[in-house]
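Asks: Input sequences plus hints: build the corresponding full structure.
2 protein chains.
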Amino acid sequence: MAASGKNVGDLGESALIARLAARLPPPPPDETWSGDDAAVVAVGGDPMLFTTDLVVEGVDFRLDSFSGEDVGWKAVAVNASDIAAMGGAPRAAVATLGLKPDLPLELFDGILDGALAACRRWAIDLVGGDISEASELSIAIAMTGELTGTRPVLRTGASVGDAICVTGALGGARAGLMLLSRAVNAADEAQRLVQRQRRPMARVAEGGVLAGFASAMIDVSDGLAVDLGRVLDASAVGCDVDPGLVPVDPGIAAVTGELAVDPFSLALTGGEDYELLFTVAPDEVDSAIAAVERLGTAATRIGRVVEGPTRLIGETDLTEYKERSWDHLRIR
Amino acid sequence: MAASGKNVGDLGESALIARLAARLPPPPPDETWSGDDAAVVAVGGDPMLFTTDLVVEGVDFRLDSFSGEDVGWKAVAVNASDIAAMGGAPRAAVATLGLKPDLPLELFDGILDGALAACRRWAIDLVGGDISEASELSIAIAMTGELTGTRPVLRTGASVGDAICVTGALGGARAGLMLLSRAVNAADEAQRLVQRQRRPMARVAEGGVLAGFASAMIDVSDGLAVDLGRVLDASAVGCDVDPGLVPVDPGIAAVTGELAVDPFSLALTGGEDYELLFTVAPDEVDSAIAAVERLGTAATRIGRVVEGPTRLIGETDLTEYKERSWDHLRIR
Numbered sequence: 004m005a006a007s008g009k010n011v012g013d014l015g016e017s018a019l020i021a022r023l024a025a026r027l028p029p030p031p032p033d034e035t036w037s038g039d040d041a042a043v044v045a046v047g048g049d050p051m052l053f054t055t056d057l058v059v060e061g062v063d064f065r066l067d068s069f070s071g072e073d074v075g076w077k078a079v080a081v082n083a084s085d086i087a088a089m090g091g092a093p094r095a096a097v098a099t100l101g102l103k104p105d106l107p108l109e110l111f112d113g114i115l116d117g118a119l120a121a122c123r124r125w126a127i128d129l130v131g132g133d134i135s136e137a138s139e140l141s142i143a144i145a146m147t148g149e150l151t152g153t154r155p156v157l158r159t160g161a162s163v164g165d166a167i168c169v170t171g172a173l174g175g176a177r178a179g180l181m182l183l184s185r186a187v188n189a190a191d192e193a194q195r196l197v198q199r200q201r202r203p204m205a206r207v208a209e210g211g212v213l214a215g216f217a218s219a220m221i222d223v224s225d226g227l228a229v230d231l232g233r234v235l236d237a238s239a240v241g242c243d244v245d246p247g248l249v250p251v252d253p254g255i256a257a258v259t260g261e262l263a264v265d266p267f268s269l270a271l272t273g274g275e276d277y278e279l280l281f282t283v284a285p286d287e288v289d290s291a292i293a294a295v296e297r298l299g300t301a302a303t304r305i306g307r308v309v310e311g312p313t314r315l316i317g318e319t320d321l322t323e324y325k326e327r328s329w330d331h332l333r334i335r
Numbered sequence: 004m005a006a007s008g009k010n011v012g013d014l015g016e017s018a019l020i021a022r023l024a025a026r027l028p029p030p031p032p033d034e035t036w037s038g039d040d041a042a043v044v045a046v047g048g049d050p051m052l053f054t055t056d057l058v059v060e061g062v063d064f065r066l067d068s069f070s071g072e073d074v075g076w077k078a079v080a081v082n083a084s085d086i087a088a089m090g091g092a093p094r095a096a097v098a099t100l101g102l103k104p105d106l107p108l109e110l111f112d113g114i115l116d117g118a119l120a121a122c123r124r125w126a127i128d129l130v131g132g133d134i135s136e137a138s139e140l141s142i143a144i145a146m147t148g149e150l151t152g153t154r155p156v157l158r159t160g161a162s163v164g165d166a167i168c169v170t171g172a173l174g175g176a177r178a179g180l181m182l183l184s185r186a187v188n189a190a191d192e193a194q195r196l197v198q199r200q201r202r203p204m205a206r207v208a209e210g211g212v213l214a215g216f217a218s219a220m221i222d223v224s225d226g227l228a229v230d231l232g233r234v235l236d237a238s239a240v241g242c243d244v245d246p247g248l249v250p251v252d253p254g255i256a257a258v259t260g261e262l263a264v265d266p267f268s269l270a271l272t273g274g275e276d277y278e279l280l281f282t283v284a285p286d287e288v289d290s291a292i293a294a295v296e297r298l299g300t301a302a303t304r305i306g307r308v309v310e311g312p313t314r315l316i317g318e319t320d321l322t323e324y325k326e327r328s329w330d331h332l333r334i335r
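Protein sequence lines, in the order shown, are assigned to chains A and B.
Per the numbering used here, the first sequence starts with residue 4, numbered consecutively.
Per the numbering used here, the second sequence starts with residue 4, numbered consecutively.
Worth flagging that the hints you see were computed from the coordinates, not collected in a lab.
Just to be clear, a hint being listed does not mean it is correct.
[Unchecked claim] Computed list of lysine-lysine pairs in DSBU-like fashion (alpha-carbon distance at most 30 angstroms, straight line): (1) A:K9 with B:K103; (2) B:K103 with A:K103; (3) B:K9 with A:K103.
Replies: Written out as structure tokens, the structure is:
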């Protein structure tokens, strides 16, 4: 393949992952490899979920605004979220740490504390790891999971007519990130938003119950616009989303003056909320939402799956929001 | 735990991994977590092997002497070696890449090519991955494996009276590393040693057959002295090794003038040979060695397991060699 003098930063993270995926051989019929929140591999006849996520200092977190505990928690939570988005329960994890030699031992201990706290929260066994010297702090976690239902919920399953739904509320984690780079605001809502950024909650129980309902599912890690686009691409369908129904984190409005952002736009492009975006057959929407609500978590129908290539958020094309979204690695 | 102002570099990699291991809760009776080449976790009732290894630019490889293909190959091989050392067959892997935005796309493609070539070599499915921006190139691979025998071969199983054996020959990979930092030597032996450093071969088939014989096993990643010490620690036994029997890579002698090193010392402290060090009951030694030799790989009895705390390589205490060995992260 001709690389024509380009650098990886010319492509950006999404295009590089697609480039990697295109080089993999095709999986056997009962497996799913790259292209979903987690891979599905057959182990001893049973499907096992397998995923990995890397967080890097200065890119995914900054040590002046994240404690070691925050970093360790988040590294585990983002992987648990990927397993949840397959309709699975996380099971075992291994971790690698790239460490600067001058990293305080106290920070190292904090990272372990945070990672182990997140493991306890979601019943994950941290079973091993590796450590290497590095010039910046990085943590890669790989995690296996088991199905809670009879099949994994893939991104490919959305059908025309299905309802599009999302758990919780969106935009808060990105608002929290923006607040982190400003002077600390003591308001309760600001603190809650910052906490959403630092200590994301994976929707593990919700993913488990949705395994019985959802036709497709993804976790909202890169923003609703990007992640909804991924489901639509994988399922070869379109969408008609009612902007008035998108659940915007109510805390954003409370700090809007400070941030000078449009809360709705943040909800569509913010990322890192780790809510679950799912599609479900119209006759099962109410049951699915009720099942999530029984766990104490909101779930909202925001639109419906239509024939492609239509992709509308109200009158606006989804692409307009996607282009405003975040892509690590892309040179900006 | 009081951290008393220390940095991680004051402890070194081995002590940090021990610190991590000490914080993990105890595993259930049928599982093994940290402290062996790979973890053993029960998945659907069957034991599954699970391991991870991180390689970092400037620490584990340099881009002026490793091609992208070398880096990708090595990242996979070191994990496959860990699975082999449990008496297992590697099964599925996920990879994370930390990438500098100015990394040439050609190098990225090369890394994938090398990783996929190693996956084909050992029948490993690369099923997914994650990419993040970083200030240096790093690759973390996590790999699952299946047992080839009825039980995993742990480090804890060595008994007094067992023979201590090793596959292949030792010291070559470190000699290759030393040659890399010098002007390239065109001699065939030098090229072979360099290749041992750049493209290590995991002893996967050998680990599979040894699963039926070995009482304990480990891969020689940090040098015979360190890795033998780990087996002795885990099994609470000692050793009496005959220095004349230790298989030193014959290529080292051919380049000794250039390197000004003692080949024997390199064999004991060099690391990265990824040979298998195993113990086996005395009445099964000949069968075990013959089984490995049928795969075209040498296997050599180098000594025997004795009561602790005796740890002798001829007249020299094992500790003397261990202290000369490599520990990433330790500030030197």
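Asks: Compare the structure with each hint and give your call.
Replies: Each hint tested on the structure:
A threshold of 30 angstroms between alpha carbons decides the hint, and for A:K9 with B:K103 the separation of about 13 angstroms falls inside it, so the pair holds. A C-alpha spacing of about 17 angstroms is found between B:K103 and A:K103, which places the hinted pair at or below 30 angstroms, so the restraint holds. At roughly 13 angstroms between alpha-carbon atoms, B:K9 and A:K103 fall within 30 angstroms of each other, so this suggested pair holds.
Checked against the numbered hints listed earlier, the structure breaks none of them; every hint is satisfied.
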